Structure formats: structure tokens, C-alpha cells
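Asks: Chain residues, written in single-letter form:
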Amino acid sequence: MNVDQLADVLRNDEDFMQNVVRWEELPAQEARYAAFPPQLDPRLIPVLEKRGIHSLYTHQAHAVREILDGHDVVVVTPTASGKTMCYNLPILSEILRNPDTRALYLFPTKALSADQVNELYDLIQLSGADIKTYTYDGDTPGAARKAVRQAGHIVVTNPDMLHSGILPHHTKWVKLFENLKYIVIDEIHTYRGVFGSNLANVLRRLIRLCDFYGSHPQFILCSATIANPKELAETLTGRSIELIDDNGAPMGKRHFVFYNPPVINEQLGIRKGAMGEVRNISGMLLKNGIQAITFARSRLVVEVLTRYLKDMVRDPLGNAGRVRGYRGGYLPTTRHEIERGLREGRVDAVISTNALELGIDIGALDACVLCGYPGTIASAWQQAGRAGRRKASSIVFFVANSSALDQYIVAHPDYFLHRSPENALLNPDNIYILLSHFKCAAYELPFEDGDAFGNAPSPDMLMEYLTDSNILRHVGGRYHWMADDFPASSLSLRSAAEENFAIIDITDPARHKVVGEMDRFTVPMLLHENAIYMHEGMQYQVEKLDFDACKAFIRQVDVGYYTDADLNISLSLLDIEEEVNNPSGLSRALGEIKVSALVTMFKKIRFDTHENLGFGHVRLPETDMHTSAMWWKLPDDLCASFDNDQLKDGMLGIANLLRIVSPLYLMCSPQDICVVYQVKSPITDKPTLIIYDNYPGGVGLAQKAYSMQRLLLEKCLEIVTGCGCPHGCPSCVGPVGEVGLDGKQTAILILKDMLSRSDL
Amino acid sequence: MHEYPEIDALARRPLMLMQHEDLPDPLNPRHILFLDTETTGLGGGAGTVAFEIGVGRITSQGFAVTQYVMRDYPEERFMLEKVRQQILDSEVLCTFNGRTFDIPLLRTRFLMNRINADCLDLPHIDLLPISRRIYKLRLSQCRLSRIESEVLGISRPNDLPGSEAPERFFRFLKTGEFSLLEEVLAHNEQDVASMLLLLSHLCAQYTRPEQISFQEDLFSMGAALEKEHHTRESRRVYRLVPSGRLHSPSQLRLAASHRRDGQAERAKEIYLDMIARKEGGVEPYIAMAKYYEHKEGNPALALEMTRKALILLAEPSLLDSSTVQDTRNALQYRYDRLQKRLTKKGI
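Line order of the protein sequences matches chains A and B. The first sequence begins at 1 in the working numbering and counts up one residue at a time. The second sequence begins at 1 in the working numbering and counts up one residue at a time.
Relax, there's no trap hidden among the hints.
Listed below are several chain A residues computed to face chain B (Cβ distance under 7 Å; list not exhaustive):
#	residue
1	Pro168
2	His169
3	His170
4	Phe486
Here are the simulated DSBU-like pairs of lysine-lysine, each with C-alpha atoms no more than 30 Å apart in a straight line:
#	chain 1	residue 1	chain 2	residue 2
5	B	Lys295	B	Lys227
6	A	Lys603	A	Lys648
7	A	Lys146	B	Lys136
8	A	Lys175	B	Lys82
Rather than coming from a laboratory, the hints here were simulated on the basis of the structure. None of these values were measured; they are calculated from a predicted model. We treat Cβ as the ideally placed atom computed from N, Cα and C, and that holds for glycine.
Let's have the full structure, built from the sequences with the hints guiding it.
Replies: Structure representation (C-alpha cells):
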């Protein structure tokens with residue numbers, strides 16, 4: 001059955017259609033072609049023709065022209081629109097003409113770089129030219145590094161490696177820096193918030209070194225659909241950038257089905273779980289031979305669904321290779337094998353976390369099932385974009401879970417279909433981030449009087465500050481590094497600790513084998529002792545978790561349940577830096593807090609029925625993070641005017657508003673900060689709203705929020721009073737299912753009161 | 001000026017035995033430049049600076065060490081130019097760990113100051129890997145200070161640890177107190193001087209291995225020579241290893257070396273000698289079993305050797321590890337195979 005036939009069957013299936021709240025058809029788009037631009041080296045044309053490419057899509061031709069004319073560009077491309085051609089073609093063309101030319105490719109993850117290099121190899125091989133492409137990352141063996149530094153025409157790496165492995169050692173990369181002509185940055189939509197601010201500063205350092213070596217590279221950036229690709233590209237690079245978004249790739253018709261699981265208890269309004277419904281829908285796709293990807297929001301759900309679907313297609317030997325799970329923590333070889341299986345059609349169903357949201361090449365699939373709303377419009381479109389053939393139709397199912405946010409989306413499909421995706425925001429001039437990179441830059445090359453650092457404000461003040469701190473020495477018009485350390489090593493571009501645990505299967509005592517890995521933060525949730533750990537649909541029990549050695553030992557089992565751990569997050573006060581305590585006014589403070597995550601128990605849940613079979617205890621150390629925070633303690637007289645539930649709903653509403661508003665004014669991504677409300681806070685003993693940096697040590701976001709608190713509260717009030725919804729929606733206080741009928745009104749009252757306090 | 005007893009040993013021939021980089025021929029020891037830097041850190045990135053560079057060379061008056069110090073960053077270029085001139089006046093560089101540290105660091109400094117760094121491509125004798133090959137077995141780690149005390153008999157009672165040099169320099173920059181650098185300079189001077197001592201000592205040892213008193217050093221030298229394909233010299237050194245812990249490994253390597261060159265008879269003599277002296281465990285038996293079977297075509301004797309080896313292994317041993325188990329299995333297999341072959345022949 002093809003997608004259109006399936007769509008017809010479903011539309012005639014009353015039982016199914018009862019739960020469909022909206023069936024949207026997005027029309028097919030015709031391909032728009034353009035001839036090979038004259039700027040392209042003619043030797044490439046037969047190479048392309050060998051691959052069956054006789055003309056380019058309009059956006060590809062546009063990109064090639066602009067790039068070869070010497071302009072910086074950002075190309076916005078939906079999934080599967082031939083994005084890599086946009087940069088590979090002009091760069092190969094330039095290298096053919098001038099073999100000294102060098103290019104640097106940056107991908108956000110190692111997995112992506114490996115993938116892109118393969119594609120590039122193919123083109124180069126077909127061209128028969130002696131063009132060397134190397135990946136340079138943590139996996140590059142020491143012996144190969146020298147060759148990469150000397151001879152690589154195209155060096156493929158990631159921002160972290162550029163930051164700590166290449167820039168501080170630039171003198172070993174003379175060839176690259178002297179001849180660097182192109183800097184390609186793919187998937188720039190992932191560089192938002194603190195990660196993006198870090199990258200922007202890494203690029204300032206890179207360009208500064210290029211100046212030293214006398215090269216003037218162009219930027220080529222690629223982004224998935226976001227609201228502000230040009231602005232993001234310009235903030236990242238500090239240059240004005242040409243936007244190319246005239247996508248000429250064809251797209252078949254797309255069905256978009258909004259599905260809400262049926263109510264099973266009218267009185268309590270309880271719906272069937274999304275997982276069971278997804279099991280049916282993905283199962284139906286699998287049975288009908290429609291290649292599909294299912295996105296789930298957690299690794300656990302991925303594994304449970306994988307098992308369900310595998311059970312449907314097991315052959316007599318128990319093999320079910322047509323169904324695969326995919327998530328972070330699988331070994332790279334396993335992941336590549338799954339990706340290849342998808343491209344080559346050997347895998348019919350893959351169940352994935354958002355790990356497959358990025359541009360890893362798995363080809364285009366027929367169908368996509370979203371098990372729950374991924375949280376942002378941009379990532380929902382990214383995931384949905386995995387289904388979409390160039391010619392044939394495709395279908396996307398959004399299956400809502402019972403959370404208020406999902407219920408809102410499924411009740412208001414237009415919110416999703418017609419609202420523009422989120423802005424990607426970043427602030428390269430965040431003083432914490434800027435200063436850290438400024439130190440790295442000073443280490444890499446002494447600043448001279450009057451030097452700029454990209455477009456960073458007042459670099460001379462930073463130089464003076466570091467001189468006063470005895471880190472730089474100002475002499476002879478230059479600022480020399482005067483410390484016995486290596487600044488890049490103490491600065492990580494990402495928040496998550498990189499340290500991974502190895503997962504070791506000890507089922508066969510003679511052959512222990514590593515089956516996967518997991519980050520430190522997730523380990524207590526999924527790999528505590530006695531947990532049922534699921535990997536590619538197989539069940540294992542965790543026998544021993546060696547926290548110090550970063551190893552988990554698991555043994556294969558076959559039990560009828562899985563486990564789910566409870567994570568408790570608690571906040572405690574470490575230090576108050578600044579405080580305004582005013583009984584009649586609004587008390588607020590800035591300080592340091594400890595955020596502790598602790599797993600204390602787990603549930604055993606039976607497969608199929610999902611009933612709770614019992615509990616187990618977990619004994620593990622807390623995972624702590626020290627960070628900076630600001631908070632408002634609500635005045636007693638204000639709190640006295642509400643009952644407890646009202647107060648709670650109102651505070652929840654404000655917290656949600658702050659989550660929406662703060663990133664806009666702090667110029668960060670929503671994941672960079674946490675906003676919590678506590679009716680009886682251990683920090684103040686009173687109802688309190690808290691904003692803290694979601695980074696160990698903090699990156700100055702709470703400080704900034706503290707300095708603009710009136711503005712933040714005003715904007716919250718502006719949004720909530722201006723929102724047209726009657727009782728709350730995800731764009732203001734949150735869906736009514738969360739904040740209750742009065743939540744919106746209470747939030748407005750509290751906000752007005754906070755703002756009216758004279759001393760704020 | 002420093003004077004050295006073994007300086008006459010310094011010659012091209014032993015130098016070519018201990019490392020594989022080609023050296024000028026003839027080699028005038030006075031054209032070797034001994035070089036050591038003191039730096040602002042061990043980071044090895046573009047922001048690490050050599051604030052002091054000591055160079056030494058042999059002169060008619062003795063060993064002369066010249067030290068260049070930058071009194072502040074703007075003097076770096078001048079200092080580097082001076083050092084570059086010294087290097088241009090030389091034919092060979094000698095350092096301790098210079099291949100991974102000093103020379104790449106200087107290359108970076110030259111580049112940062114836009115000075116041509118080609119002079120650094122001179123033939124380079126790095127004493128660290130050479131010493132490691134000879135002394136690692138005995139000393140387990142090969143820092144220069146340890147080699148000084150254990151090999152050269154030098155003691156440095158009031159030496160400033162090299163790791164404190166950056167701090168001293170930064171304090172000097174802030175205060176202008178030159179005395180802060182005096183201990184750094186003394187440390188560096190001794191480092192450079194020790195390099196000449198060490199190089200001469202190594203040359204003397206390579207020239208007259210019979211005077212080496214430590215069996216570990218002898219065995220290591222034999223292995224190092226063998227690795228660099230100096231077969232004749234390596235055999236000579238292996239033969240010098242006195243009876244003791246390393247005698248049988250030396251004999252085994254010596255025999256293997258002969259066998260590789262097709263000198264099966266020479267190897268046989270060694271193995272039989274080892275068996276007679278009950279030395280080397282099962283290995284000489286296994287080697288002889290192979291020899292009898294494949295060279296002399298005498299499976300009966302081969303079987304006998306295998307049987308003896310198995311008996312030897314049957315004796316209880318503390319080292320009954322998995323490798324022993326593997327050896328036993330392999331021997332048993334050999335034994336069964338030979339026996340089968342013999343019975344077949346008998347029929």
C-alpha cells in the first residue's frame with residue numbers, strides 16, 4: 001500500500017477518524033531548476049552528470065553563484081533538498097582552480113561530520129582530482145593528525161575541537177590558516193543560546209588568526225527553517241550575510257494528521273496513553289510496508305516502542321532487523337548501520353529520540369509519527385520533515401499525550417501549522433562568555449593597542465581588566481599572555497559534562513562487551529542497579545553500577561516489565577550576593593544555589609498494560625550543580641489575598657511567562673535557563689519565583705535577569721494581557737489544563753502587584 | 001667552562017648506532033649545539049613563550065654555555081634572532097625531549113615573530129628517547145634529574161624544580177628583581193651541561209659496551225640495537241649480559257636473531273646450552289622441537305623435546321596464568337601431532 005491508499009483507508013475508518021481532530025493536506029511543490037552557473041568550474045559538470053545530475057535546483061544554483069562571486073551566505077533548506085551541494089560544489093570548484101585553497105567545515109556533532117565526509121568523498125572520487133578531505137576530531141589518531149594539518153584541503157571538525165584543539169595550536173596549522181578561503185558551518189539553528197554565543201566567539205578568534213596569516217575566508221552557513229536565519233548567521237559571524245531561501249527542491253503532497261487518543265474515563269477525563277496509540281499507528285505503517293520514523297521524547301519510550309514493534313515482525317529465529325531503535329548511547333557503528341539500513345531500505349521502521357532530528361542522512365521516508373509534541377515548533381517541523389518524498393506523498397501523525405501542552409496543540413492545530421517557528425537567539429557579548437574567549441584569543445595571539453575582537457564592545461576594557469588581573473602584560477603596545485595555564489582547557493562550549501559511562505554486557509562471562517554509552521546525567525535514571533535497561537529492544541538488568549569507574553554492568557534478561565525512575569530536583573541556597581529585603585516592597589536577591597538531582601526509587605511497569613508492579617529503591621549519590629540564581633519573594637500581603645491553589649496556579653503561570661520572555665531579553669535559548677516557582681521555598685521560606693542558569697558555575701544570565709527585572713515582569717504582563725486566549729495557552733501562562741481556570745487572572749494580579757511595588 | 005672526561009668518545013659512529021637520523025659525515029663534535037629552553041608553561045600552544053634559551057657547544061677551552069634571557073616580551077624577537085644565529089652556525093642540534101617540546105615551541109615562537117624557522121630542521125639528536133631505550137628498564141622513569149643521579153653521578157642539592165620557572169619569570173617581570181632568575185639560569189645551565197655529559201656517556205657505552213655494569217642497561221642496549229637493525233652490534237651486546245635475571249631473555253633474543261638470518265646451527269648451540277643450564281623455561285625446548293622437526297626432519301627428537309617441555313610445565317608454578325595455559329595447549333597439540341606422524345610412519 002502507498003501513502004495515498006493508506007490515507008484513503010484511514011479516512012474511511014470511523015474508529016480512527018473519531019480521534020483525528022484535524023487532517024491537513026500540504027500541497028505538492030514542483031521542482032524548480034536552474035542551469036549550472038557559469039562560475040562553476042566546467043570540470044565538475046561531467047562529474048555531476050555521472051551522478052545523474054543535469055541541472056541544479058534554484059537555491060543550489062543561487063548559492064553557487066553567490067559563493068563563487070565572493071559573498072558570505074546562509075542557505076535555508078528543508079530536509080532532503082540537496083543542501084550539501086550548495087557548499088561542496090563551489091568549494092570543489094575553487095580547489096580545482098587553485099589547489100592551495102583550504103576549507104574548514106564545522107558540524108555540531110562528530111556523528112554529523114562523519115556522515116558529510118562520506119558524501120564529499122563520493123564527489124571527489126568521481127572527479128578523480130587529488131583533493132584531500134580529513135576529519136579532525138577527538139577520534140582522529142595521533143599519527144594521522146600531522147597529515148591532516150599539512151595536507152587537508154578540506155578539514156572537517158566541530159566547534160569544540162576548533163576551540164581547544166586547533167586555535168590554540170594554530171602555528172601547527174599554518175597551511176590551513178594561510179590559505180583558508182571558506183568556513184562552512186552547517187546546522188546553525190543548533191547554535192543558539194550559550195552554545196551559539198560560544199561559537200560566535202570561537203569564530204571571532206578564528207577570523208583574528210586568519211588576519212594574522214593574511215587570509216580572508218568567506219562564510220557559508222546552512223540552517224533548517226527557523227524564524228530568523230539571517231539574523232542568527234549575522235550574529236554568529238559578525239558580518240552581513242546574504243540569505244538564500246528560494247528552495248527549488250520538489251516535494252510530494254504531505255498529509256498532516258492530528259490525533260488525540262480517545263477518552264477512556266469520561267468522569268476523570270482520562271485519555272488513552274499516547275504510547276499505545278503510537279504502537280498501533282506505527283504498527284499499521286509497518287504492516288503496510290510504509291517506511292516510517294517514530295519520534296519519542298525519551299530514551300525509555302524509544303526502547304519500549306522498539307520492543308513492541310519488533311515483536312510484531314519477529315521471524316521464527318526471533319530476528320527483527322526491519323525495526324530498529326535509535327538514540328544517543330548506541331555505539332557509532334550501530335548508529336551508522338541503522339542509518340545505512342534506512343537509506344538502503346533494509347530498515348522499515350525506526351524509533352528515535354530527537355537524535356535523528358539533525359541532518360544525519362537517512363534518506364527521505366514515507367511517514368513520520370510524533371509521539372508527543374517535542375516542545376518547539378522548529379523541532380516539530382524538523383522531525384516531521386524526516387517524512388517527505390520528492391515525488392510521492394508522505395504522511396505525518398502527531399499523537400498527543402495527556403500533558404496540557406500536547407492537549408493544547410492538538411486542540412489548536414493552527415497554532416502549530418501557522419505560527420512561525422521560534423527565533424534562535426544568542427548573545428556573543430555576554431560578558432562571562434566573551435571574557436573567557438578573549439583570554440583564549442590573547443593566548444593565541446597578543447592583542448595590540450587598539451585591536452578589535454570581532455565586533456565585541458570595548459575590547460580595550462577587557463585588555464585592561466586582564467592586565468590588572470595579572471593575566472596579560474601590557475608592554476611595547478602589546479598585551480602578552482602572562483600565566484602558566486592554557487585557557488582553552490578550562491572552557492567547555494557545551495553545558496553537559498562530556499564524561500560518558502560505558503555500558504558493558506556481561507551475559508557471556510568470557511566475552512564482556514561494550515554495547516553502548518551514556519552521559520553522567522542520565523545514568524542515575526536509566527542505569528541504577530536493578531534497572532531494566534533496554535537496548536535495541538532487548539532487555540538487560542543492571543547488575544552493578546560503578547560510579548567511580550564510569551561503568552555499568554548489565555546482563556540479558558527476559559522479564560515482562562520495564563523500569564522507570566523518579567528524579568527529584570531540589571534547590572538549596574549557598575550564598576547571597578545581593579539582596580533587597582523590604583517588607584512592604586518586593587524582596588529579591590541574587591546569589592548562588594545548589595541544584596541537586598537525586599533518583600531515590602523506581603517503578604516496575606508491566607508491558608502492554610502499563611500497570612505498576614511495584615517499587616524499588618535506588619541508592620546513588622546526588623548529582624549537584626552549583627550555579628547562579630535570582631529570585632523574587634512574594635510579599636505576604638499579596639499572598640494572603642489568594643488561597644493556596646490559586647497562588648500556585650498563578651505562580652506557575654508567571655513561571656511559564658518568564659520562560660517565554662526571559663530568553664528573548666537575556667538572548668539565550670530556553671534550555672540555558674530554568675524558571676521554577678516554589679510555594680514554600682527552601683531558599684526564602686516563602687512563595688518564591690526563581691530564575692537560574694542551567695550551567696555549572698553560571699554564565700551570567702541570572703545576573704542579567706536581576707538587572708532587568710522590571711522589564712521582564714512588564715513584558716510578562718504585556719504578553720499575558722495581550723493574549724487572546726480565554727484561560728491560558730502555551731503562548732502565555734500555559735495551557736488551561738495546567739494553570740486551571742483562574743490561573744491566567746491570578747498571574748495578571750500577581751504581576752500587577754509586583755510591578756506596583758514602589759521600590760522595584 | 002666545563003670539562004668532561006668522556007668527551008673523546010663523542011663520535012659519529014656510536015651516534016649512528018643510538019638513533020636513526022642521518023648526521024653529517026665527518027661530524028665535528030664542536031658543531032653540535034646543545035639546547036634547552038625555560039618556558040612560561042608546559043601548554044605547548046601559541047601563548048607559551050620560551051623566556052630563556054641556553055645553548056652549549058664544545059670549544060677549544062672546554063664546554064661553553066651561553067644563555068639568552070628576554071627581560072620582557074619585546075626582547076623576545078631579539079633573543080630568537082641570536083639563537084637562530086647560533087643554530088645557523090651549527091650542524092646538529094642536541095636536546096633532551098626537544099623533538100616534542102623545545103623545537104616545536106621554538107618553531108611556534110619564530111612563526112609568531114615572523115622569523116624564518118627553517119634553521120630548526122637541522123639534524124637533531126633527542127636524548128630522551130635514546131635514554132629511555134637504555135635506562136627505562138632500570139630506572140623506570142627517565143627524567144633528566146634521575147638520569148643525572150643514577151647514571152652520571154651528578155647531584156643537584158639546591159636545584160630549582162623546572163616547574164617553578166614560569167612563576168619566577170612572572171615575578172621577575174613584575175618586580176624587575178633579576179636575582180629571581182638566577183636559580184632558573186643555574187638550573188638551565190646544568191641541564192645543558194648534563195646533556196653533553198649524557199651524550200658522551202652514551203657514546204662511550206655504545207663504543208665499549210663491555211664496560212656497562214648494569215645487566216638491565218646491557219639488555220636494553222641490545223634490544224635497541226636490534227630494533228635499529230644493527231644486528232652484529234646487538235649480538236655482541238646480548239652476549240655480554242651476565243648470568244642473572246636477564247641472561248636467558250638475552251640468549252633467546254640472540255638465538256632468534258641468528259635464526260632470522262638463517263644461522264640455524266648457531267641458534268641450536270644457544271638453545272642446547274640453555275637447556276643444559278636449565279635456563280629459559282620451555283622456550284628453548286619449543287625452539288628445539290621446531291628445529292628437529294623442520295630442519296633436521298627428526299620428529300622423534302622433536303617429540304622428545306615437546307615431552308620435556310610438557311613435563312616442565314606440569315611442575316606446579318605460581319605463574320599458572322592463562323598464557324601458561326595457552327602454551328600448554330599449544331604444546332599438547334604439537335605433541336599429539338608429532339605422535340600421530342610417528343605412528344603413521346611406523347605403519
